[in-house]
Amino acid sequence: GAVVSQHPSWVICKSGTSVKIECRSLDFQATTMFWYRQFPKQSLMLMATSNEGSKATYEQGVEKDKFLINHASLTLSTLTVTSAHPEDSSFYICSADSLINYGYTFGSGTRLTVV
Amino acid sequence: QKEVEQDPGPLSVPEGAIVSLNCTYSNSAFQYFMWYRQYSRKGPELLMYTYSSGNKEDGRFTAQVDKSSKYISLFIRDSQPSDSATYLCAMSVGGSEKLVFGKGTKLTVNP
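Read top to bottom, the protein sequences are chains Y and R. Position 80 of the first sequence, counting from 1, maps to 80 under the working numbering, and the rest follow consecutively. Position 4 of the second sequence, counting from 1, maps to 4 under the working numbering, and the rest follow consecutively.
Worth flagging that the hints you see were computed from the coordinates, not collected in a lab. There could be a bad hint or two in this list.
[Said to hold, decoys possible] Mimicking DSS-like on lysine-lysine, the simulated pairs with C-alpha atoms at most 27 Å apart in a straight line are:
(1) K14/Y x K41/Y
(2) K67/R x K2/R
(3) K98/R x K67/R
(4) K55/Y x K98/R
(5) K14/Y x K42/R
(6) K70/R x K41/Y
(7) K56/R x K106/R
(8) K14/Y x K64/Y
(9) K98/R x K66/Y
(10) K42/R x K20/Y
(11) K98/R x K70/R
(12) K66/Y x K41/Y
(13) K103/R x K67/R
(14) K41/Y x K42/R
(15) K66/Y x K103/R
(16) K106/R x K42/R
(17) K41/Y x K103/R
(18) K42/R x K64/Y
(19) K2/R x K98/R
(20) K103/R x K64/Y
(21) K66/Y x K42/R
Sequences are here, hints too, so could you generate the full structure?
Dropping the structure here:
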């Protein structure tokens with residue numbers, strides 16, 4: 001149990017376009033999901049906390065207008081990178097608290113490359 | 001001073017060795033401590049979870065938390081090549097609060 005599915009696993013887009021990443025909890029309901037960003041050989045940096053039915057809470061320094069988060073249901077949160085630029089290229093990972101297993105369950109991540 | 005410090009390694013050991021990984025932290029409010037394993041280009045996988053101080057064992061893995069020293073450890077016995085990955089420590093103040101991660105230690109177990 002406690003599986004988080006993230007899609008797509010990798011995406012290449014042109015500079016200036018927008019990309020949507022989906023994060024689904026498959027066998028549990030997640031009131032709260034988290035979005036992270038990870039650069040090569042770096043740790044996970046929390047970008048925002050996504051709460052079902054309300055606005056996301058962004059960490060300091062994260063542009064909320066650039067990284068749009070929508071948590072429309074208890075099983076789905078989406079991250080949209082708007083007007084993507086090469087510096088947005090990174091590994092994006094979501095996680096959710098299943099309340100079944102202690103700790104958090106992570107998705108498999110999305111590698112975004114902006115060209 | 002960062003909230004969580006973790007030596008990034010890399011750490012290379014022979015198969016069968018005992019591996020010791022550790023993290024230090026500065027926030028005394030942390031109560032929940034976790035170790036994750038991350039393979040290249042994958043999301044982290046929860047290995048061990050500990051609340052407050054003490055030891056916890058699961059198969060070849062043992063997690064220790066020393067809150068008085070603000071120090072946590074993960075021991076891997078009889079290490080296997082399949083254990084080669086990056087190991088991340090993480091901690092939080094509350095059970096459903098956001099996690100603060102260490103930088104991760106890259107481990108290679110050589111056959």
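To see whether the hints hold, each was checked on the structure:
1. Of the supplied pair hints, the one linking K14/Y and K41/Y holds, its CA atoms being roughly 25 Å apart against a limit of 27 Å.
2. Straight-line distance between C-alpha atoms of K67/R and K2/R comes to about 17 Å, which keeps the hinted pair within the 27 Å bound.
3. A threshold of 27 Å between alpha carbons decides the hint, and for K98/R with K67/R the separation of about 19 Å falls inside it, so the pair holds.
4. Under the criterion of a C-alpha separation no larger than 27 Å, the hint pairing K55/Y with K98/R is consistent with the structure, at around 16 Å.
5. Distance restraint check for K14/Y and K42/R: the Cα-Cα separation of roughly 24 Å lies within the 27 Å cut-off, and the hinted pair is therefore satisfied.
6. For the proposed pair K70/R and K41/Y, the alpha carbon gap of about 25 Å is at most 27 Å, so the pair holds.
7. Between the alpha carbons of K56/R and K106/R the distance comes to roughly 22 Å, so the proposed pair stays at or under 27 Å and holds.
8. Proposed proximity of K14/Y and K64/Y is supported: the alpha carbons are some 21 Å apart, at most 27 Å.
9. A C-alpha spacing of about 21 Å is found between K98/R and K66/Y, which places the hinted pair at or below 27 Å, so the restraint holds.
10. For the given pair, K42/R sits about 19 Å from K20/Y by alpha-carbon distance, which is consistent with the 27 Å threshold.
11. With a C-alpha separation of about 19 Å, the suggested pairing of K98/R with K70/R holds against the 27 Å cut-off.
12. A hinted pair counts as satisfied when its Cα atoms are at most 27 Å apart, and K66/Y with K41/Y qualifies at roughly 24 Å.
13. With a C-alpha separation of about 20 Å, the suggested pairing of K103/R with K67/R holds against the 27 Å cut-off.
14. Using a Cα cut-off of 27 Å, the hinted pair K41/Y and K42/R holds, with the two alpha carbons roughly 13 Å apart.
15. With a C-alpha separation of about 25 Å, the suggested pair K66/Y and K103/R falls inside the 27 Å cut-off, and the hint holds.
16. For a cut-off of 27 Å, the pair hint linking K106/R to K42/R stands: about 14 Å separates their Cα positions.
17. Simply put, K41/Y and K103/R have alpha-carbon atoms about 8 Å apart, close enough for the 27 Å limit, and the pair holds.
18. Distance check on the hinted pair: K42/R and K64/Y sit about 25 Å apart at the alpha-carbon level, within 27 Å; holds.
19. Distance hint between K2/R and K98/R is fulfilled; the C-alpha atoms sit about 16 Å from each other, no more than 27 Å.
20. Taking the CA atoms of K103/R and K64/Y, the gap is near 25 Å; set against the 27 Å cutoff, the hint holds.
21. For the hint pairing K66/Y with K42/R, the CA-to-CA distance comes to about 24 Å; that is within 27 Å, so the pair holds.
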